[in-house]
Amino acid sequence: MNKRLFLKMSLVTLSILALFSQPVLAEENIHFSSCKEAWANGYADIHEGDPGYSAKLDRDHDGVACELKNAPKGAFKAKQAATTQTDTTSSTASGWVKQDGSWYYFDGNGNLVKNAWQGNYYLKADGKMAQSEWIYDSSYQAWYYLKSDGSYAYSIWQGNYYLKSDGKMAKSEWVYDDSYQAWYYLTSDGSYAYSAWQGNYYLKSDGKMAKGEWVYDDSYQAWYYLTSDGSYAYNTWQGNYYLKSDGKMAVNEWVDGGRYYVGATGLWKANSKVSNKGSYYSLQGKYDEIIVANKHYPMSKDYYPGENATAKAAFLKLIAQMQKEGYAISDNYSGFRSYATQAQLYQSYVNQEGQAAADRYSARPGYSEHQTGLAFDVIGTDGQLVEDAGAAQWLLDYAPDYGFVVRYPRGKESVTGYMHEEWHLRYIGKEAKEIAASGLTLEEYYGFDGGDYLD
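Take the sequence shown: its letters are residues -26 to -1, 1 to 429, numbered as in mature numbering (1 follows the signal peptide of the UniProt record, and there is no 0).
In case anyone wonders, no lab produced these hints; they're calculated from the structure.
The hints are all genuine.
Simulated DEER-style distance windows between Cβ atoms:
| id | residue 1 | residue 2 | range |
| --- | --- | --- | --- |
| 1 | 180 | 105 | 26 to 34 Å |
| 2 | 251 | 428 | 16 to 24 Å |
| 3 | 188 | 46 | 48 to 56 Å |
| 4 | 329 | 309 | 24 to 32 Å |
| 5 | 202 | 231 | 19 to 27 Å |
| 6 | 428 | 180 | 45 to 53 Å |
| 7 | 228 | 329 | 36 to 44 Å |
| 8 | 129 | 82 | 28 to 36 Å |
The calculated BS3-like cross-link candidates involving lysine-lysine, where the alpha carbons are at most 27 Å apart (straight line), are:
| id | residue 1 | residue 2 |
| --- | --- | --- |
| 9 | 47 | 10 |
| 10 | 142 | 88 |
| 11 | 98 | 138 |
| 12 | 43 | 30 |
| 13 | 298 | 404 |
| 14 | 291 | 260 |
| 15 | 102 | 142 |
| 16 | 72 | 102 |
| 17 | 88 | 43 |
| 18 | 142 | 43 |
| 19 | 138 | 102 |
| 20 | 72 | 43 |
| 21 | 178 | 218 |
| 22 | 121 | 51 |
| 23 | 178 | 222 |
| 24 | 98 | 121 |
| 25 | 386 | 407 |
| 26 | 72 | 121 |
| 27 | 51 | 10 |
| 28 | 275 | 247 |
Just so it is clear, the structure is predicted and the values come from calculations on it, not from any experiment.
Just so you know, even glycine gets a beta-carbon here, dropped at the ideal spot from N, CA and C.
Throw the hints in and build the complete structure from the sequences for me.
Next up, the structure:
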């Protein structure tokens, strides 16, 4: 064979083989080694299941690979459409096409996509990609904001409106913004509420929900306290201020069951209810007059009421019940003491241990509750004041059933002014059960001064 002819035939054969060795660019067989290659071939925002998609290219694993917004400038080479008219509705190309400064998207059949999402981008009624504008999607019945790059905004504010994690504008709902570490309420038109109530919660002038703070509401002309969970406090004290059942801070009125008085500023006025009766001090309890006797409120030398008959009868029933239940309780007890008797007793303690020690457990003359005729000390069969743990617990649990409270409980020395005395009972009457249930001393419950002597 002619060598020249053989060489020519060989070259033709190689050309044919080379032609058949080129990759087939059928849509279903498109594969890219990188997003750079995809962009260069006019492919972007490739959804899972679409030609060219691979998990390798979907680095954020959101089901969309090679997002257009991530393409460096000039990296994306749009497929050319068959026409350059701006209002084109079809193309021999598919994918994103930029014409006259606007982006369009053509589907696999070359049709212009309108009123629909393509990945994170929205194609409007004219097919243009929305940019820096609000759009309403009737399919989702929601507003979205498309940023300058065309992608939808999410988990961010746009003016007075909030775009949630799915891009929808929040409406008639609470949202928590991590950036501001605060709750906001978005109204029915989507704007954030401010200087207003939403249920039990208050939105401040900047829209943030108030928490752990005081707010003044001009509409109601009242102060409110918002707790740590944001709800308003009510029927409770916040420091020396009282919040009523409607949450308003009380001013110029009696509060908390009529036990305390607050002034024009809302501040509790200490001792405002304690009255000087001449020879003793008292206040009006819920049911009866309550005689006040502690290191701040003395009785006169000639105050000599004797043992209160009602209190004595109740006390005798109390010790009889304890005896019946097996407690070693004596029929003897310590009850009323006159001013003179208390003076002698107190001085004997001072002589033995000094005044500082005596003041911890014995009252100075005129300051002892025993002078009221309403105080009783429980004594055991051994002749000693009762300190047995079982008996002491019984008194805490059941003395209120007889109208008594344990006057000097453990842990309250700074309030009552005396060391704890399990045996010392004070007759109150019907209100004793409420006081005992509160866990408060008389000073705390009624709101009068306690603690040590003033001198």
